[in-house]
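There are 2 protein chains.
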Amino acid sequence: MLLSGGLDSATVLAIANENYTCHAISFNYRQRHISELTAARKIAEQAGVSYQLIDLDAGVMTGSALTESAIKVPEQLSEGVPVTYVPARNTIFLAHALAIAEVMSSSDIFIGVNAVDYSGYPDCRPAYIEAFTKMANLATKAGAEGRGLIIHTPLIAMSKAEIIRTGTNLGVDYGGTVSCYQADRDGRACGVCDSCRLRRKGFEDSGIEDITRYQ
Amino acid sequence: MLLSGGLDSATVLAIANENYTCHAISFNYRQRHISELTAARKIAEQAGVSYQLIDLDAGVMTGSALTESAIKVPEQLSEGVPVTYVPARNTIFLAHALAIAEVMSSSDIFIGVNAVDYSGYPDCRPAYIEAFTKMANLATKAGAEGRGLIIHTPLIAMSKAEIIRTGTNLGVDYGGTVSCYQADRDGRACGVCDSCRLRRKGFEDSGIEDITRYQ
Numbered sequence: 188m189l190l191s192g193g194l195d196s197a198t199v200l201a202i203a204n205e206n207y208t209c210h211a212i213s214f215n216y217r218q219r220h221i222s223e224l225t226a227a228r229k230i231a232e233q234a235g236v237s238y239q240l241i242d243l244d245a246g247v248m249t250g251s252a253l254t255e256s257a258i259k260v261p262e263q264l265s266e267g268v269p270v271t272y273v274p275a276r277n278t279i280f281l282a283h284a285l286a287i288a289e290v291m292s293s294s295d296i297f298i299g300v301n302a303v304d305y306s307g308y309p310d311c312r313p314a315y316i317e318a319f320t321k322m323a324n325l326a327t328k329a330g331a332e333g334r335g336l337i338i339h340t341p342l343i344a345m346s347k348a349e350i351i352r353t354g355t356n357l358g359v360d361y362g363g364t365v366s367c368y369q370a371d372r373d374g375r376a377c378g379v380c381d382s383c384r385l386r387r388k389g390f391e392d393s394g395i396e397d398i399t400r401y402q
Numbered sequence: 188m189l190l191s192g193g194l195d196s197a198t199v200l201a202i203a204n205e206n207y208t209c210h211a212i213s214f215n216y217r218q219r220h221i222s223e224l225t226a227a228r229k230i231a232e233q234a235g236v237s238y239q240l241i242d243l244d245a246g247v248m249t250g251s252a253l254t255e256s257a258i259k260v261p262e263q264l265s266e267g268v269p270v271t272y273v274p275a276r277n278t279i280f281l282a283h284a285l286a287i288a289e290v291m292s293s294s295d296i297f298i299g300v301n302a303v304d305y306s307g308y309p310d311c312r313p314a315y316i317e318a319f320t321k322m323a324n325l326a327t328k329a330g331a332e333g334r335g336l337i338i339h340t341p342l343i344a345m346s347k348a349e350i351i352r353t354g355t356n357l358g359v360d361y362g363g364t365v366s367c368y369q370a371d372r373d374g375r376a377c378g379v380c381d382s383c384r385l386r387r388k389g390f391e392d393s394g395i396e397d398i399t400r401y402q
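Residue numbers (this note's numbering), protein chains in the order written: chain A, 188 to 402; chain B, 188 to 402.
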């Protein structure tokens, strides 16, 4: 399961961990909000699942506000694909998950993509996940031998408030998650970026207290 | 364009370089035949194209004879998917190529997959490439904005002999390519692995002298 250290994937881990033996993976892609990786490791530890940090080459996912400090993280929602979009990020993440699943003889990948309260990223849409699954089942030895892979997206149709209510019921400690695109080294959120706004609104709509640590 | 340093991708580079401004990429995935990367860099230099080596995490593409020295490289062709299959290799490679293409505003990826004289890898089949293309066009900002990506597979329907004749006509120096799965540090081939056998037979069938350096 893909664990970023944010609110969504922490919820996915809690859901998956109910019925599966989980292996959580995170990626160092030189993201500005590198403190999410400290959060991810802690979340995996608290859930009692194995954890693997994967180091990606620094020269690939460039040109995004999330990987280039020269590009400002926007503080207003924009139309179309935002500058925080990272080129082919979910494809690179899922490709690694696919390799790891094959080595571990697992047929199940969990990812926290969401098509409701999301940021306009093309690689979060249901059609993208369906297409990746089809490709994956043609790509691998497991697929060629008929052991089909499933990509589970338990949050795909939930609002942010529903995600928060679901995770709270499963005991997720959202205070330990980092969603902010420009979180500081201690994981404290800016409160104004796209991701912070969606998260804050989610807590408001859910009626659950927002224990996010702000800067 | 994906450049491994082997015979096939050296031919693809020569073909692509006729009509495109090329950027060649290779991957260090802790392959046993690491000398192919020295060959790749030289081939790119000789073709006058830019070159990028991408470092992949050592803990992902494991469990293959190409990445684990404890697994013997077979010296006989086998039925089904062979032990030299590397989990999700082409998916991870193409995912990186997709990110780089998007950053460079390129709509064209070239890869030397082949469906005729090939080794039984599921991720070399035309159906796999088609599925990857569909997924890629849903994954990216370019795709979302209608600039479709094309994955070019100029070798897909060629025999090894046809590949060798095509490359020879375009001036490819096959003596500088490394196809062997267990090439030594100087890039000299074992002559007996699956890849060496396919290559040697290709030269025999083509009527072109085999200048491969054997151990």
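Hints are not guaranteed to be accurate.
Said to hold, decoys possible - Using 30 Å as the maximum straight-line C-alpha spacing, the simulated DSBU-like pairs for lysine-lysine come out as follows:
| # | chain 1 | residue 1 | chain 2 | residue 2 |
| --- | --- | --- | --- | --- |
| 1 | A | 321 | B | 388 |
| 2 | A | 321 | B | 321 |
| 3 | A | 229 | A | 259 |
| 4 | B | 328 | A | 259 |
| 5 | A | 388 | B | 321 |
By construction, these hints were calculated from the structure, which means they are not laboratory data.
Query raised in the report: Does the structure break any of the earlier hints, and which numbers would those be?
Result: Numbers 1, 5 - these are the hints that the structure violates, sorted from lowest upward.
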